[in-house]
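Engineer: Next come the chains, spelled out residue by residue.
There are 2 protein chains.
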Amino acid sequence: MTPGQTETVAVLAGGVGAARFLRGLLRVRRPTDVTAIVNVGDDFTLHGLNISPDLDTVTYTLASVINPETGWGRAGESWRVLTELGRLGGQDWFQLGDLDLALHLYRTQRRSEGASLSQVTGEIAASFGLELTLLPVSDDQIQTRITPAEPTGAAEIDFQDYFVAQRHGISIRAVRFAGIDTARPAPGVIEALWGSAVVVVAPSNPFVSIGPVVDVPGVREVLAQRRHSVVAVSPIVGGASIKGPAGAMMTELGHEASAVGVARLYAEFAGTLVIDDADRDLAPAVSDAGMSPVVADTIMSSPERAAALARTTLEAVSGS
Amino acid sequence: MTPGQTETVAVLAGGVGAARFLRGLLRVRRPTDVTAIVNVGDDFTLHGLNISPDLDTVTYTLASVINPETGWGRAGESWRVLTELGRLGGQDWFQLGDLDLALHLYRTQRRSEGASLSQVTGEIAASFGLELTLLPVSDDQIQTRITPAEPTGAAEIDFQDYFVAQRHGISIRAVRFAGIDTARPAPGVIEALWGSAVVVVAPSNPFVSIGPVVDVPGVREVLAQRRHSVVAVSPIVGGASIKGPAGAMMTELGHEASAVGVARLYAEFAGTLVIDDADRDLAPAVSDAGMSPVVADTIMSSPERAAALARTTLEAVSGS
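From first to last, the protein sequence lines stand for chains P and L.
With the first letter of the first sequence counted as 1, position 310 gets the number 310 in the numbering used here; the numbers rise by one all the way through.
With the first letter of the second sequence counted as 1, position 244 gets the number 244 in the numbering used here; the numbers rise by one all the way through.
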């Protein structure tokens, strides 16, 4: 392994948790050595605009323009357009601030000119001064669809309907990623997964953030072949997710809502799982599930703590 | 003719000039007696958004939210989105303010849900409290295309490229309306043209505002059959347009840039032409061109003067 390779890292990423992990990682690795491969299953079109929530959360976080209170959207955001849209009787359930809208206008115009999502993502990252490689997992459309549990019963709903409009307050019965069977990895994704010294699965929702990344044809297969240098960070601490519906979703979909449940989901393609200090007692069960446990403080309440977690995560598989 | 019919007016409309005329007309006619039939040849898509400049100018003017200095866009407008879009390297040549954007978001979302342009136009008018009937001339796509003159030479350009990006500062050789041969009048258009006591051709650009209205199959034919009660207001005063490129465009396209040139263009489908006091001497030539001249103050520098012009215009054909 060359010295250069030793430093490179590819990160499979969802939104808020992954963004915070990446911010920490960029304190311990050069940005030019980092490739983030981001979920696009949450992407959707509203008001004619192409919206990529996870890509935007990662971009805003790494550019230090994220709203620190919400973990998504822009700091110092204003709401002139959305307020007027509401007055006109338009759909204002998805919070699109004025600064945020500018990015969606940019992306939509460039897509309409024929640019791929990965091209546009690179342009946006550059305009924010980011030096890491930021990639959507695919340039093809992948749509996460949720089947609510009884008694809501009914048909599938869009992910954003579940996540934002319903505030993930309903029980679910199934998740699928429409379009994923024919989706191709975006240019650079497979290369980064093969070529990086370490691959990290960020502490994101295993089903709706990491699922639509590893299920893109080719991704899981590459990871499985190098699973000794793939390390995941558990998004479940003490039986619940740090943020969002991951914990409830695991239970509803028939899995154990714990680091052990995560290990059973990831063991096929990742060799090591970083679990929280609070879950120290679960280490033997994680090991039984087929992943090497590493115990660390995984609560990224500050960039410094995120950097420490990133360092521990990398060390867990370095030299392996 | 019933009393109800006597009062009803249909107005063929472009943007700023037509909007000001309509504002005057609504001082002398009940809004429920007025139907505005508006040009859509300037409509275009930018940043993924469906933009209808003439419909919006009419809406904003009649709702008294128009920017009085420019004659287009919203009063009290802000530019947070466009400023950020420019910073991102996006296209910011078309001025889209924050309040204005909300309307384009609304229209685009409703269109994506399957609503027709005329449905959405009615919804927007209602949300602004307008009681007139506001109709796009067609729900089908009509695109005004401009061929620049030599030496610019080259191929056709979009209307907004000519009008906004180039600030209509180039000479032109031809105008055409792509899609118009198969465009159908929007629901209510032909009915209003047949059923109104008077049809007014507003003081708008004869080529790029009125042209794409009367060239929709069926419109010119209806007008021609009732031309004695169709009255136009000349947009050309003293050999030049009050606003915009109409005067220069007439010359460039081989017509006389005067009220007489307008009369020659409109005589087939309109019986009467209101010309400005300044063009009083042209009355005999207008008559020779086949239209009955009516001399009036056509400079709508205030709503009161616009109302007086509207009254004179209606009286010119009432009882005919």
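Source of the hints: derived by calculation from the structure; they are not laboratory data.
Incorrect hints may appear among the rest.
What the hints assert, rightly or not - Computed footprint of chain L on chain P; a stretch qualifies when at least three of its residues, placed anywhere within it, have a C-beta under 8 angstroms from a C-beta of chain L: (1) 18-28; (2) 40-47; (3) 51-60; (4) 121-135.
To be verified - Just some of the chain P residues that point at chain L, by a computed CB distance under 7 angstroms: (5) THR70; (6) GLU84; (7) GLY89; (8) GLY90; (9) GLN109; (10) SER116; (11) VAL294; (12) VAL295.
Quick reminder that beta carbons are idealized off the backbone N, C-alpha and C, glycines included.
Engineer: Next, verify each hint and record whether it holds.
Structural biologist: Results for each hint:
Taking a C-beta to C-beta cut-off of 8 angstroms, the region 18-28 of chain P contributes 0 residues in contact with chain L, too few for the three needed, and the coverage statement is violated. Counting residues of the region 40-47 of chain P whose CB lies closer than 8 angstroms to any CB of chain L gives 3, so the stated coverage by that chain holds, three being the minimum. Coverage of a stretch by a chain is defined here by at least three residues with a beta carbon nearer than 8 angstroms to that chain's beta carbons; for the region 51-60 of chain P and chain L the count is 0, and the condition is violated. Counting residues of the region 121-135 of chain P whose beta carbon lies closer than 8 angstroms to any beta carbon of chain L gives 3, which meets the minimum of three for the stated coverage.
This hint is violated: P/THR70 has a C-beta 18 angstroms from the nearest C-beta of chain L, more than the 7 angstroms allowed. The interface hint given for P/GLU84 holds, since its Cβ lies 4 angstroms from the closest Cβ of chain L, which is under the 7 angstroms cut-off. With its C-beta approaching chain L no nearer than about 5 angstroms, P/GLY89 sits inside the 7 angstroms limit, and its interface hint holds. Below 7 angstroms, beta-carbon pairs count as interface contacts, and P/GLY90 has one with chain L at about 4 angstroms; its hint therefore holds.
Because the closest C-beta pair between P/GLN109 and chain L is about 5 angstroms apart, less than 7 angstroms, the hint holds. A hinted interface residue such as P/SER116 counts as satisfied when its beta carbon comes closer than 7 angstroms to some beta carbon of chain L; here the least separation is about 16 angstroms, so the hint is violated. Contact between P/VAL294 and chain L, as hinted, is not supported at the beta carbon level, the nearest pair being about 40 angstroms apart and thus beyond 7 angstroms. Taken as an interface hint, P/VAL295 does not check out: its beta carbon lies about 42 angstroms from the nearest beta carbon of chain L, beyond 7 angstroms.
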